[in-house]
Structures are given as C-alpha cells and as structure tokens.
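2 protein chains.
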Amino acid sequence: MDELKPRLAAALASHDLTAAAAHLAAAPPQEVAAALATLEPESSAVAFRLLPRHRALAVFEGLTPTAQHELVQLLGEDEVVAVFAGLDPDDRVGLLDELPAAVATRLLRQVDDDARAATAVVLGYPRGSVGRRMSPQFVDVRPEHTLREALDRVRERGHRSETIYTVPVVDDSRRLVGVVSLRDLLLHDPADAVADHLARPIVAHAEEDAEQAARRCVERRVLALPVVDGEDRLVGLLTVDDATRIVAAAGDEDAARAGGAEPLHRPYLLSSVRAITRTRVVWLLVLGLSAVLTVNVLELFEGTLAEHVVLALFIPLLTGIGGNTGSQAATTVTRALATGEASPRDLGRVAFKEMRTGLLLGAVLGSLGWAVASLVYSPSIGTVVGLTLVAVCTMAATVGGTTPLVARAAGVDPAVVSTPFITTFCDATGLLVYFTIARAVLGL
Amino acid sequence: MDELKPRLAAALASHDLTAAAAHLAAAPPQEVAAALATLEPESSAVAFRLLPRHRALAVFEGLTPTAQHELVQLLGEDEVVAVFAGLDPDDRVGLLDELPAAVATRLLRQVDDDARAATAVVLGYPRGSVGRRMSPQFVDVRPEHTLREALDRVRERGHRSETIYTVPVVDDSRRLVGVVSLRDLLLHDPADAVADHLARPIVAHAEEDAEQAARRCVERRVLALPVVDGEDRLVGLLTVDDATRIVAAAGDEDAARAGGAEPLHRPYLLSSVRAITRTRVVWLLVLGLSAVLTVNVLELFEGTLAEHVVLALFIPLLTGIGGNTGSQAATTVTRALATGEASPRDLGRVAFKEMRTGLLLGAVLGSLGWAVASLVYSPSIGTVVGLTLVAVCTMAATVGGTTPLVARAAGVDPAVVSTPFITTFCDATGLLVYFTIARAVLGL
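These protein sequences, in sequence, are chains A and B.
First residue of the first sequence: 3, per our numbering; consecutive thereafter.
First residue of the second sequence: 3, per our numbering; consecutive thereafter.
Same shape as in the complex, but just chain A (with noise of 0.2 Å):
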C-alpha cells in the first residue's frame, strides 16, 4: 500500500507528469499528503499540481503545517487562494498562523463573507486555545425534535460541517445540553424524542489549553468535543481527527525535548545537518555550562584525588547511575502529569514515593557495589562506593521524582528541565557526596 512515494518520486524524476498524475488519482488523499510530506518541496509543488482540485484540498489538510507553509510559498497566488477558500476554518487559520502578516490579510480579503466570518470566529481565541482548533461549524438540534426532524436536519446542512457524527444538541439560547451520535439517530425510532437519546458531553472552553482539551477527546474515546463559551453556549466542535494530531504534535516534542533537543518539524532525512545541529546545540551548551560545576566540584577535592587515585576510577559509574536513577524517577513522573495521573499537588506524595523507590534501589545496587569494590580493591574503597550508591540513588530519585511537578507549577514544560538537568544536577552533588563520603570512610 506504501509504493506511492518511491513510484511518484520516480516519475517526477523522468519528468513523467503522466504516469504521476496516474500514481496520484491512485491512491487516497491521506497517503498523496503522506508521500508529499517527504518529497523535497520543489517536487512536492509539482506533485501538487497535478491534483485535481477538489483532491487537492483534502490532501492540504493532510499535511503538516510546516509542510502547507513550505508548500504554499511554491504555490501561485491564485492557487493559494482557492485552497485558503476550500479549507474548513480550523485549517485556515493554522495556515494563516504560519504565514507572514501581509499575506495573510491578503488572503482573507479574497475569501468570500461566509468563509471570512467563520474565519474570525476561530481567529478570536488566543493562540494555544481549542477557540483556535476547534471547527465553528457544525449542525445543532433541540432535545424536543424528533430523531426523524433531527436527522432531516442533518441532512440539509451536513454539507458545510467537518463533523456530523457527534450532533450537539442545544436549548434555545444556545447553551448546549447534551450530544447525540448519528448512530443514535439513526439506528433508533425515527419519532423518539431527541431528548430520550442524550448523552451528556465531555465539554472543551474555548479558551481552554488545546493540547489538554484534545488529550481529554482522545483518552474519553469520543469522535467530537463540544466546546462551549463563557456563558455554556456552543461555539464550535473539535474533532477527534484533529485532536490526534494536537496530541501527535505533543508528543512530537515532549519525545524530543525528554532527549534534550528542540523537535525538528520537517522529516528527519530531508533535514539539513545544520537544521538538526541548530536543534540540539543550545541545550548541549547549556548542558555543557552547567557540567561545568562538575569541574569545580572535583576542583575541591584535587587534593583527595591526588592522593587516592583509584576513587578517579569510580566517577563514571557513580555519575551514571546518579543520572539514570534520576532520569528514570523523572520519565516516570512527567508521564503521570501528561496524563493527568499526578499533579504538582502530590508534591509531598511523589517525594516520599521516591525517597523510598531511591533508597532500596540503592540498597540493592549499594550492596553489590560494596562486595566487587571490596573484593577487587579494598575494604574501605567498598565501603565508600556502596554508601555512595545508597546516597546518589536515594537523592537522584527523590530530584528527578519531583522537579518535574516543580517545574509544572512554575509554568515550565516538565519534558524540558527534566532529563537533562537531572543529569546534571546528580552528577555534581553526587561527587560532592562521593567525595564527602570518601574523606569519612578515609579518613582524610
């Protein structure tokens, strides 16, 4: 089923617009925006072309914003101005969103009036909001139309809805009061009250976090998330299809970020080296910066270090699994806040949770690093690295356990301080208390 993209490649490169446009009509427009997502643009212009129109904007919606933008900057004017009147409202403003101001003014003065009022209603919501993803049209009843008025309904104005498997139903003020599934309305008796079949919505403000509002369509299995004004009135709906992708998106860059580099937005092989180093440099220099305090730590104890050699030997284990410990504790816990599991008021909670996970997984790890050490070197340098284990793993878990929740509350995306930080940090208190331990067990 995935030949589409080495076929259309290879037709675009014998300049065979023939056969391409043959492999093009072929296949669904969800695999065409697929396969162009990962044609170098130039070619995936020319690929575009070849769409008849009406395809041509069902595979624009399929792509990403990154890849409408690049696409509509090889685009025509004219061209350009079909597929913004063609695309529904959500979709219009994502694509007036990724483009410079002056064109996309100009864009929206050549829309006509229906397109543009719809447009405005989702360009009212500030940025990051469902307001700004959710479509503003879709198909209302009341609860006293029959299941036979309320499908008839449906049918009339279908035409202009992204969504007509989830039918809000509104009172006469617009305040929603529940939803019904085309299912319902269709497989039950037609002269049911739509009132008998009401099910009560998993509800998105418009102003709400898009990326929370589309994790809750997602999780709750529903198709459509009403999304309501201030006052409770129906305002729009988002659809499950594009809930995934906010969440897709999301993932996207918690995955990148939890790696320590900025997500790419372009497909990993078409991405230049400088783009991909532009991504991961400033956190490596960040990260570099602050390993700096590692340095200085080890500066302190120069003098122990000169004298006991063999504790140079210990650093990289002890360091590394400071930072696993803590990286695991921290993967954990910014997993449970993504999902809503924990919350930074289970501060305390996740603490003590980890305090405890930290210590017997030291113990564990302590009491086999004091055996090998004591066997292979001696009884105290045993001593040093297995009370040293106790301590690195008890403390990087309880960090890494709770800077995530720290980080939530201060406003900061957990995915990002997470990590790399945590590695950080637990390598430069870990030596201290090696170090610490070390004069002790020493006696330095």
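Treat the hints with caution; some may be incorrect.
A few chain B residues that face chain A, going by a derived Cβ cut-off under 8 Å, partial list only [claimed, not checked]:
(1) Ala293
(2) Ile317
(3) Glu343
The set of hints was computed from the structure by calculation and includes no laboratory data.
C-beta: ideal position from N, C-alpha, C; glycine also.
Starting from the structure of chain A, add chain B where the hints point.
Relative to chain A, chain B alone:
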C-alpha cells in the same frame, strides 16, 4: 468536569452508596472509567457494582486491560459473565488474554453461540496482530447498491456493529473493493450507486502488527481501517478509538523505556514502592554492570591520572556531553523510525548525516572548551579538552543515530536499547579517546 473522582472517593469513604450512585449516574461512561482507574481496586469494584448494567459495560470497555483484570478478580462469576457477554468481540479477546486459561475457558462456555463465534474469529489471529484487536462485526454493502439501499442495510444491521461510520464495500466473494462513509450515504442523492462514492481504503492485513496498523489509522485520520485476510477478503474493522488506545499504550512503553524503565501498567500514585523499584532495578543493574567497563578503561590510565590529576576534573564533563549528544541523536532517529520516516535501509544516510552533525556540534563545543580550559588551566589541557570534545561528539552522534536502526534490524525495540546503552557506550569510549589524546598531547 473532572470533579467526579474526589466526589466519588469521598462518598465511598463515608459509605454513602446513594451519593456515590448519584455521582456515577451523572457522569459519562468514559469519565467514570477514568475515575475508577485511579481508585483502589476494592473501591473501584464497589463503584462498578453501583452502575446499571448497560452503563457498566460501557465503563468496563473504557478501562485499561490491567484495570479490567483487577476488577474481574474482585467481581463474582455471574457479574463477570454478564460483562463478558456484553463486550465487543475484540474487547472480549483482550480480557481473555489477561485471564488465567481455566477462567477464560469457563467464561467462553457461558456466552451464546453468536458471541462465541465472533470471539473465535478474533482469537484465531496471533497475539499482537491487528486481527486480534479488530471488530469482526460490521455492516458491508455492495458497489451496485444505491445509497438508499445501503443506508437501509446499515439501519437494519448496524446495532451489532462497533462502528457504522465507515461502511466497507465488498464484491460477491467478500473481497474488499472500497469504503463509503456514512456521511456520503446520508448527504448525497439516495438514488446514486455506492460505486460512485467509493473511496480507496487504507487497509490492514489481519496478521500485521497491531501497533503499525493502528499508527496508520491514526496518522491517516480515518475513523476505521478495514482488515483483510491473505485473499483480500474483509474480516473486520479496526476502529480509531481502538487504534488510539494501541498507539497510546505503545507510547507509554516507549517513553518508559527511553527513560530506562519498564512501563508501570498502573497509575503511578497507586503503585507500590516495590512495584516501581521492580520496573527500574533490572535496567539499573544492566547499566551498572556495563558501567564497570568505564572503571576498567580508567584503570588502564591510572598511571597517567596519577601524574596529571587535573585530567580527572574533566571526566564527568566529557562523558556527560558525550552521553547527551548520543541520546539526542538516538531520540531523533528512534522517533523517525516510529513514524516511518526512516528505516534500517537508511543506515548509511543516517550515519553520514549524524557524523557531520556530530562534527559540527563538536566544533562548536570544542572551540569553546579549548578557549575556557586554555585560559583557566593551560594551553595543552585546552587542546586535549577541545580535541576530545570534537572526537566524542562525532562518535556519540554517529553511534547514537545508528544504534536504533541496528536494533530495529535485529528485531529489538529501539526504545529499549537506545538511550541507556548509548550513554554507557559513549562513557567508555569517550574515556579511551580522552586519555589517548591526553597522552599524545602531553607527550606521556
């Protein structure tokens, strides 16, 4: 919206079952499922019993397999049979997989023939395949049907089907020829033939890996993926909500493993310290044992260290930067693998790209390191630190970027081997490089 859990917990704690039942009755099933998942198993079972039967089923389907399993152990056999018989066939199989074989057989014997037949279809596919997660009950139509006929068919037979929004179209020998959306059935001229509104579907093969198919369903933004057998005959549908669950579970696992731990399968705050320790200790032991390598490497250079104790000061800095560079590269490439942007065949391209990226990063960090270390210590120490940074970054990025590809080619989960192993490997080889350069530059 999310106050159900505290209110429910309070009502249960004060044994006010009437209040608990009222809270439960007022919330949508998905919200109830989310609340039950965060309660202690015993409270969760009490709350479950307060639900009317038809809602209990919807709630049960919203629970994770682990939560389902816990609940089943606390319910009476009659209750379990009632729940089991009411589940969709794919969910039924999911539950069977979690139960001991004896219990599973007993349960299967007690449901009616239809349900058993549908379950058997799903059970016939290997664990981890789409066949195992699909819904075998669907309404199919023929290309020659009119939209009106097709819609009537959906109305008649849709009750048993998990989804009716994507209607598969098959020929005389049950071979899949396309799909038609319920939207098209409803919004176009009822006299049109189904053939005129046929869309080429994105399909899955029943034996295919469930995660891979689920990702396709989610990424291509379709509401259901038709599942076909080896002869292209339709055998089921994978719905987007099941697909989202599969992807989310895989994401949890990847995130946990990227942080060097096994997934918890239970809400974090409800997991015991021992359970959390178990998910982490094996990884820490493996990493700790491989970190012994760093001790061995350093032993080789004990003499050099004794002469130049100052060299020890930079050990955590250099291994830290190496580890971070490696894990940045590993994270990016693991993500590219997961999203299908890169495959093991791209090994050469990835290696070349990462080598150049690492060289560029090394050049930036190396010049900085050289300048600082030259000023603070001595020009020769500066040269050693600078050159080591260039070498370590280049090596770490190359190894970090290629390891996930090699792991995938060898059939190992890239998320498992990537970050932690790369860190250890970079530590050991980084030290080798460091002391080799030091000996050469300092003329030892």
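**Request:** Mind checking the CB of Ala293/B against every CB in chain A and telling me if the closest is under 8 Å?
**Result:** Constraint on Ala293/B satisfied, holds at 4 Å.
**Message:** Given a cut of 8 Å on the nearest C-beta pair, is the interface hint for Ile317/B held or broken against chain A?
**Reply:** Hint on Ile317/B: holds, closest Cβ of chain A at ~5 Å, below 8 Å.
**Prompt:** Taking the least C-beta to C-beta distance, is Glu343/B closer than 8 Å to chain A?
**Reply:** holds (5 Å)
Of the numbered hints given earlier, the model fails none.
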